[in-house]
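Modelling step: build the complete structure from the supplied sequences, incorporating the hints.
There are 2 protein chains.
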Amino acid sequence: MAEATSRRIRFAVIGVDHRHIYDMTGRLLELGHECAGYWTDGEPRTLAGFVKRHPHIPRVADKRRLIEDPTVALILTAAIPCDRAAIAIEAMRAGKDVGTDKPGCTTLAQLAQLRRVVAETGRIWSVNYSERFEVAAATRALELVRAGAIGRVVQTTDLGPHRINRLLRDAWYFRHDAVGGILADIGCHRVDSFMTFTGSTDAEILHAAVGNFANPDDTDYADYGEMVLSSPQARGFVRLDYYTPDGQASWGDGRFFILGTDGYMELRQELDIAGREGSDHLFVVDNKSTRYIDCHDAGLPYYPALVADVLDRTETAMAQSHCFKVMEIAMQAEAKATRLGFLAR
Amino acid sequence: MAEATSRRIRFAVIGVDHRHIYDMTGRLLELGHECAGYWTDGEPRTLAGFVKRHPHIPRVADKRRLIEDPTVALILTAAIPCDRAAIAIEAMRAGKDVGTDKPGCTTLAQLAQLRRVVAETGRIWSVNYSERFEVAAATRALELVRAGAIGRVVQTTDLGPHRINRLLRDAWYFRHDAVGGILADIGCHRVDSFMTFTGSTDAEILHAAVGNFANPDDTDYADYGEMVLSSPQARGFVRLDYYTPDGQASWGDGRFFILGTDGYMELRQELDIAGREGSDHLFVVDNKSTRYIDCHDAGLPYYPALVADVLDRTETAMAQSHCFKVMEIAMQAEAKATRLGFLAR
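Listed in order, the protein sequences are those of chains A and B. The first sequence maps to residues 1 to 345 in the numbering used here. The second sequence maps to residues 1001 to 1345 in the numbering used here.
Where hints are given, some of them may not hold.
Unchecked claim - Some chain A residues near chain B, calculated using beta-carbon distances under 7 Å:
| hint | residue |
| --- | --- |
| 1 | F213 |
| 2 | F283 |
| 3 | S289 |
No wet-lab data here; the hints were simulated from the structure. We put the beta carbon where it would ideally sit given N, CA and C, even for glycine.
In structure tokens form, the structure reads like this:
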């Protein structure tokens, strides 16, 4: 294990099947932590990008070399989603903490097993809800909400458009059993945001639907999803899609509206269409003024906090119970969703 | 009756209890039509503003003088919402067409009677869904959607914040029986937009809720509402509130997002927070580009079309069936809504 005195850890990567692994790895390297190596199954389309960004990280042929390495404290995984739970469980049973790409698992049975293994081993299982952890505007907005800037939060509306990027995706991406479905996969981000910004520790899915309206040949793939959430604290609406057109500069014009009794906020996470340059746009309207807030110094506290948790056995990056609950709710939404369009055939 | 050859009509106003009557009257006057007079019950807070804008319009003591005036073709009403149906029915039975502020009625029983009277008399009953009829950006957006600019419309998300403006409101405004509820009152605008922009002739309410989270002393008043709509064509989400803070320049930062399979649009109807000056902001993103569209020349076709319909006995301003169906759906949503916050006590 890494020595707590140095505050540096060694980590390893198991599965690079989603591009999120580029930044998950990169953030830890930027913080000065060391990657012992990576393993991945076969030659996913994402592999070249990983090697290009991180050419110094050695590939190993047997993932047990990494999982059993006594100098490795943390395993990162962005394997095919349905395989992530088994990798996490193997790693935790070998004494490692785990940082996993979202969705952290794809079935409620996997989640139940993950909860048991965390309870048995005392290890950390942390899902990278990157729509919050990788967005500086979310860091700043959360500080403001928690300081009471807009009064009581009554509702959040979360629009999550994505580009389908078919040529960058491996075949598994279009299989429901591999991904867990649109509400579980990209929906878990939004469940995390709803619960975090409204201060909710649980939520009920009042309504959920998934559909395929633009990809009739992919009969197992949802290109659209929606859900309505409710907690004792607030209400939430989430809309997800894969229709981002080619005339748009980012992978998706994500918006997050936070409605309070004394004001509201809007996050334009990726871009400000026909407006300002760059990302991380935050607008705040309260009883005093309407203002644009620069968030570039807001920071991304997740990764440093995760490493501190690994070293100190704390839960500062995210409560373990929240991490589980978000995946549980997202998968419940997926399970109860009405199937629309080509999915209903 | 006005002579069709001149294309001018005479109209009258019965009830000025909502500020919408200022513009309803003003638009017809701007088009060169003549107002025979107005009647209103008592001294509503809105009266001074009406007289200030339209000082030449005579007040009459008995509304029957206007309803029975053979030179008057059209009655406008912005009476207290629960009284509008009776005024409309009296006017139609006297041979007049009716242009009513929204909501056009407050109960399903009133609506059934309105449908019968329209069928019996052949008169026009037109509800002023002003979030579309008074918004030039909506005119232009609808042209583009109908021309196929963003492919198949899959979903609309409609955020309708309002300032409570307590000092401008009469007491009836806070009584459910007078207004019909938030989903019926300001929700009918959004049902109209959903159906119009998605090309739907009917819709189902999948989910609805109303709440009071900021006005605990007004135990009959909802300051929050939400609904999920579904039609064979598309899905819709609507969120309404009365939390617009004082630091915001308009009565409400309305947003309308239209999601298509080949692109999307955003309307910022009233203002562009911390952005461009003025109103009627339309953003279009398609497979070619992301662009801001100036809508100031788009026009507001509703009032000229309504007058043409009065003269020609046509339905160009709005199909009568659509006008009824919108109110029906909005009132159904109100009836089935879960009651939250202080309303749930």
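Check: Against which earlier hints does the structure fall short, listed by number upward?
Finding: Every hint satisfied by this model.
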